[in-house]
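Respectively, the protein sequence lines represent chains U and B.
So our numbering is basically just the index in the first sequence, starting at one, shifted up by 3.
So our numbering is basically just the index in the second sequence, starting at one, shifted up by 55.
Hints were generated in silico from the structure; no laboratory data involved.
Treat the hints with care, since some could be wrong.
[As the list claims (entries may be wrong)] Pairs of lysine-lysine residues, derived as DSS-like cross-links and limited to a Cα-Cα distance of at most 30 Å, are as follows: (1) B:59 with U:322; (2) U:202 with U:128; (3) B:59 with U:128; (4) U:322 with U:306; (5) U:270 with U:322; (6) U:322 with U:290; (7) B:61 with U:290; (8) U:270 with U:306; (9) B:140 with B:59.
[What the hints assert, rightly or not] Some chain U residues flagged as far from chain B (calculated, every beta-carbon gap over 12 Å): (10) 27; (11) 51; (12) 84; (13) 88; (14) 91; (15) 118; (16) 125; (17) 126; (18) 212; (19) 262; (20) 322; (21) 376; (22) 377; (23) 380.
Backbone N, C-alpha and C define an ideal beta-carbon position, used for all residues, glycine too.
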Amino acid sequence: MHRVVITGAGTVNALGHDVPDTLAAMREGRCGIGALEFQDVERLSIQIGGQVRGFEAEGRYNRQQMSLYDRFTQFTLAAAKEAIEQSGITFSGDLAAKSGVVLGTAGGGVSTWDANYRSVYEEGKNRVHPFVVPKLMNNAAASHVSMEHNLKGPSFTVSTACASSNHAMAQAFQMVRTGMAPAMVTGGSESMLCFGGVKAWEGLRVMSKDACRPFSANRNGMVQGEGAGIFVFEEFEHARARGADILCEVIGFAMSSDASDIVMPSKNGAARAMEGALADARVNRDKVGYINAHGTGTAANDKTECAAVADVFGPHADKLMISSTKSMHGHLIGGTGAVELLACIMALRDGIIAPTIGYEEPDPECALDVVPNEARDADVDVVLSNAFAFGGMNAVLALQRI
Amino acid sequence: MSVKDKVIEIIAEQAVLESGDVALTSTLEDLGIDSLGLVESIFAIEEEFDVSIPFNANDPTEGDFDITNVQTIITGIEALIADQKT
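Take the sequences, apply the hints, and build the full model.
Given below as C-alpha cells:
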C-alpha cells in the first residue's frame, strides 16, 4: 500500500475562479449565491443560485474548442490547468502511460441538452450542431483533461448524483494507493444552472427561494451552485522525489448504500460511511478535528447528518467542528465534494476552518459546533469530507495534515 | 366532477385506494402517503386545477396551505381556485 498525497488543486466556482480567491472567500465567510441570470429565468419559482460570474469562454477557448466544450467541461479544464500547474507534474513517458483522470458529474452537459432541446422543440429547428453528443456526454470533461495533459492511463467518469466527485476521488485514491497509477487527476464538475436544469430541481420542492442556511432552525432548502474542483493525487515517494509541495495526505475512504429510499437520507448509511472511512484510514475517531459536512440546508439532510455524526463520534461529536460551505458556493451536485475538499485542505494546511454562513437560529436537532458565520483558527490533524447522494449512495474521504 | 371529488380521486390514486376509502378526516399519513407521495399529489392537483400551491417540503407547515387532512387540502385548493378567478 502506498501513501497518497495531494500536490495540486484547482477550482472555478461562485466564490472565485481559482483556489486562492475561493479560500479567501471561505475565510471571509463571503456568499457567492445571488440572482440567477439566464434565458427564461423569470419562469422559474427558484431564481437564486451560486452562479459562476465573469467566466467568459470567449477568449479563453478558441472557436473549435467552444463547439466541443460544454460549460461543465470549460470549468473542468480551467481547474485542471490550475491544479496541474501548481503540482508541477509533467505527464510524459511511463508516468503519462500509467496516470489517468477520474471525474464526477451528475448531469454532464446539461446546458447543451437544454439549448438543443430548445432549438428543436421550441424553435422548431430540424438540425443540430454535429458535436452535440461529444459535447454533452458525461465523460467529455475527463476526456478533454486527458487530451490536454497527456494522461493515457485509466480514465472514466463517475455519476452518483451529489456524491459523484467523492466517489471519483475515492477511485483515484485507491488507484494510487494500490500502485496501479503513480498519479491521478481527479475531482468533479457540474453546470446545471440553466432553465431546464433548475426547473427539474424546482419540481422536488426542496429548494430555497432565499438562502442556503445549513443547520439553522429556519433553513428552508438547498440552493444550487456550479463549477469544478480538480486535484492531483500522487504517490507520496513520487511527489517527494521531485520536490513537490504537498498540500495534505489522503488517508482513507469508504462508500455505503442506504438501500432504503431514493431521496430520503438514512442516518445508518451516513454513519456507516464515516465509520468506514475512519477504519480504512486506521485513525481513532477522537483524532478528527473537522468534518466538511454534506450540509445541504434541507430539513432532512442536516438533522440526519448531525444524528449520524453523534452516533459515530459519541462524546467527541461535541468537540469536533463541522461546517457546510454550501452556504457560500451552493450545492454543486456532482462537483460539490471536490470544491468542498478545498475547505478540508485549508483546515489542514492553513489551520482555518471555513464557516457555515447564513446561520441564524440554533436547531436542537443539529446541536453540533457548526462554526457559525465566521471562520475560525484551529489546529486540526485529521478531517473528513462527507457526501450523501440521492439514491442513498454515500462516500466519505479522510485526510490528514502532512 | 366537483373539486372535492377530484381531489379525493387524486389522493386515492396516490394511496392506491378506492375513492370511497378516503375520508375527509383522513390524514395523508393515515392513507400511507409519504413525503414523496405528497409532493406527487401536489403536482397532480396543480396540473388538474392549473393552480400553484405554495409548498416547501422542508417545512410543510410554512405558508398558508394546510395539509392536515383531506378536508383542509380541499378547502385550500378551493380558496386557490377562487383567488385565481378574482
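Pair hint outcome, residue 140 of chain B versus residue 59 of chain B [Cα-Cα no greater than 30 Å]: holds (18 Å)
For the pair we were handed, residue 322 of chain U and residue 290 of chain U, check the Cα-Cα distance against 30 Å. With a Cα-Cα distance of about 11 Å, the restraint between residue 322 of chain U and residue 290 of chain U holds, given a limit of 30 Å.
Looking at residue 322 of chain U again, its CB stays over 12 Å from all of chain B? holds (29 Å)
Restraint status (C-alpha distance of residue 202 of chain U to residue 128 of chain U at most 30 Å): holds (23 Å)
Interface exclusion of residue 27 of chain U relative to chain B, criterion Cβ beyond 12 Å: For residue 27 of chain U, whose nearest Cβ neighbour in chain B is about 31 Å away, the distance exceeds 12 Å, so it holds.
Holds or violated: residue 59 of chain B with residue 322 of chain U, Cα cutoff 30 Å? violated (54 Å)
Beyond 12 Å from each Cβ of chain B, as asserted for residue 262 of chain U: Check passes; 16 Å lies beyond 12 Å.
Looking at residue 84 of chain U again, its CB stays over 12 Å from all of chain B? The claim stands: residue 84 of chain U keeps its Cβ more than 12 Å from every Cβ of chain B (closest is about 38 Å).
Is residue 270 of chain U close enough to residue 306 of chain U, meaning Cα to Cα at most 30 Å? Answer holds: residue 270 of chain U to residue 306 of chain U is near 9 Å, not above 30 Å.
Please settle this one: residue 126 of chain U was flagged as non-interface, so is its CB more than 12 Å from every CB on chain B? holds (25 Å)
Beyond 12 Å on every Cβ pair: is that true for residue 91 of chain U relative to chain B? holds (45 Å)
So is residue 118 of chain U really clear of chain B, every C-beta pair being over 12 Å apart? holds (26 Å)
Checked against the numbered hints above, the structure breaks hints 1, 3, 7 and 18 and satisfies the rest.
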